[in-house]
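2 protein chains.
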Amino acid sequence: MRKDIKVFAPASVSNIACGFDIMGFAIDEPGDEIILRQKETSGVTITKITGDNGKLPLEACKNTAGAPVIALLKHLGINPGIEIEIHKKMPLGSGLGSSAASAVAAAFALNELLDAKLTKEELLPFAIEGEKIASGAVHADNVAPCLWGGFILIRGYEPIDIVEIPVPDNLYCTIIHPEIEIQTKEARKILPKEVPLKDAITQWGNTAGLVAGLMKSDFNLISRSLKDVIVEPVRSALIPSYYKMKDAALSSGALGCNISGSGPSLFALSTSYEISERIGRAMQGVLEQTGLPSQVYISKINKQGPRII
Amino acid sequence: MRKDIKVFAPASVSNIACGFDIMGFAIDEPGDEIILRQKETSGVTITKITGDNGKLPLEACKNTAGAPVIALLKHLGINPGIEIEIHKKMPLGSGLGSSAASAVAAAFALNELLDAKLTKEELLPFAIEGEKIASGAVHADNVAPCLWGGFILIRGYEPIDIVEIPVPDNLYCTIIHPEIEIQTKEARKILPKEVPLKDAITQWGNTAGLVAGLMKSDFNLISRSLKDVIVEPVRSALIPSYYKMKDAALSSGALGCNISGSGPSLFALSTSYEISERIGRAMQGVLEQTGLPSQVYISKINKQGPRII
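Protein chains in written order, with my numbering: chain U, 475 to 783; chain L, 475 to 783.
For reference, chain U alone in the conformation it holds in the complex (with noise of 0.2 Å):
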């Protein structure tokens, strides 16, 4: 058996314009590392947290990293002593997945140092575990795209429904991160708890779109189906310039462009890294004139979810 295990998850992008709460995409980058090692007592440690600017607790049971191994663990029946690193090579509450990226490399790590053989399916309600910690609340938009790759629609909650979209190969994805956070569970309280019908059916019909424009190749129609009328015009103010951002995207080519998550990063998708290079630029060109430092990722939908570097 392994004395110890490197995973890296990928970042992914939830909501994806018109699936909010129901839909996501992991991307090859950026992602988190975590290193498991087995240890001589019991008990689970988190001995090393780098790149969260101090900000994640290093006690494993409140940690989105630690609380899958320690569910894990339980739900296996056994007690060996387990030490977390966590390297996190993503900013925090960035709406990239930050905490379902570790939540799934620890549950992912674990399976396989102790070799336990748990389908994906079975080590999702851990790794969620581990994400609800962070915001609150249950969700799988991040958690099941990272965990699985590829493009994700979480059809229901009750029971979890995981529903995997196959997508075009040529489709690349372009993320800006503004340098500012917003927390996942402020992002929920400015959303309505009433929707017009008529927004409702509009948003359906995108997701209806939006799969079938995947499903098909139908560049045109992921275009027309990347519309969101019910998250966007909320939380689009909590980010400085958005929608000249998004402007910028699209004159540069891009078949849409949202909000990533719950923000402050915005996505952007493209059918070349010829494109999805120019969108980057074009959309780090406007929170450059507000003086707002960023980062920008290029880079093609995940198809693998974590492994084992």
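These are computed hints drawn from the structure, not numbers from a lab.
Warning: the hint list may mix true and false statements.
Copies of one chain are not kept apart here, so a pair can be met inside one copy or by any two copies together.
[Unchecked claim] Only pairs whose alpha carbons sit at most 27 Å apart, straight line, appear in this in silico DSS-like list of lysine-lysine: (1) Lys606 / Lys672; (2) Lys701 / Lys672; (3) Lys777 / Lys690.
None of these values were measured; they are calculated from a predicted model.
Put chain L on the given structure of chain U with help from the hints.
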């Protein structure tokens, strides 16, 4: 050039549980028949209507088949004399797209009669013109499936965006029509203007799931997605023994069962002719206990749309 033409256009099921206002499919039967004849004197006249119990107006501009003919002639900039015979082969106000079938049959027939060579996309607005007379609003979720055949997603209305969704070959539809009439206009009035965001999310998870299920030929996913948490709870109250019929359909092997259009008809989807017959008998058995007469139709998805007969 032809002197006359006879056209069949199919009934259709709209809403399809989760897809209120955005989805519909055509069925092989029932359907309406329209005969158009060129006449000596100019003007559009309706010479005969059968099967409507005297309910439909003979005045062409107020008739769902007459209006599209008038509008299409105006568009073509010609004024030949046209006689219309309408043979309603399905109940009115049944939730089976009766007005859409007449409107589509008329527009399609005129296009063929005059060899005007309009595409389906080009014919659509004229067929919608007829449907508008019946429902008082612009909806395409019966007209589009009737015109194209197959399973149609109307992604959006501004502008109208028709998406053909491939369906598995062995998909069967059972229709039961209880002999009561529900006016679409009335059925719309009882809908809520606002819906809980939570329910809207559930609904768009299901619309996305249904499209994925159809395109993957995943009958289990189709079944899990055929749910409606928004419209069914309200409109089911208009249909006697609705939930008993639905339970009977599901117990008989239906993938899903729900209100067809605005009712009172119910549709149930299944994977074989045998099951669809069993479903029909089970639903009719429920209605017989109430003394309410009904018709049952068994059909595959109609993939052709209107045809010359």
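Here is what the structure says about each hint:
{"no.": "1", "hint": "Lys606 / Lys672", "in the structure": "between (32 Å within a copy, 18 Å between copies)"}
{"no.": "2", "hint": "Lys701 / Lys672", "in the structure": "both (14 Å within a copy, 19 Å between copies)"}
{"no.": "3", "hint": "Lys777 / Lys690", "in the structure": "both (18 Å within a copy, 18 Å between copies)"}
This entry satisfies every hint, going by the numbered hints stated previously.
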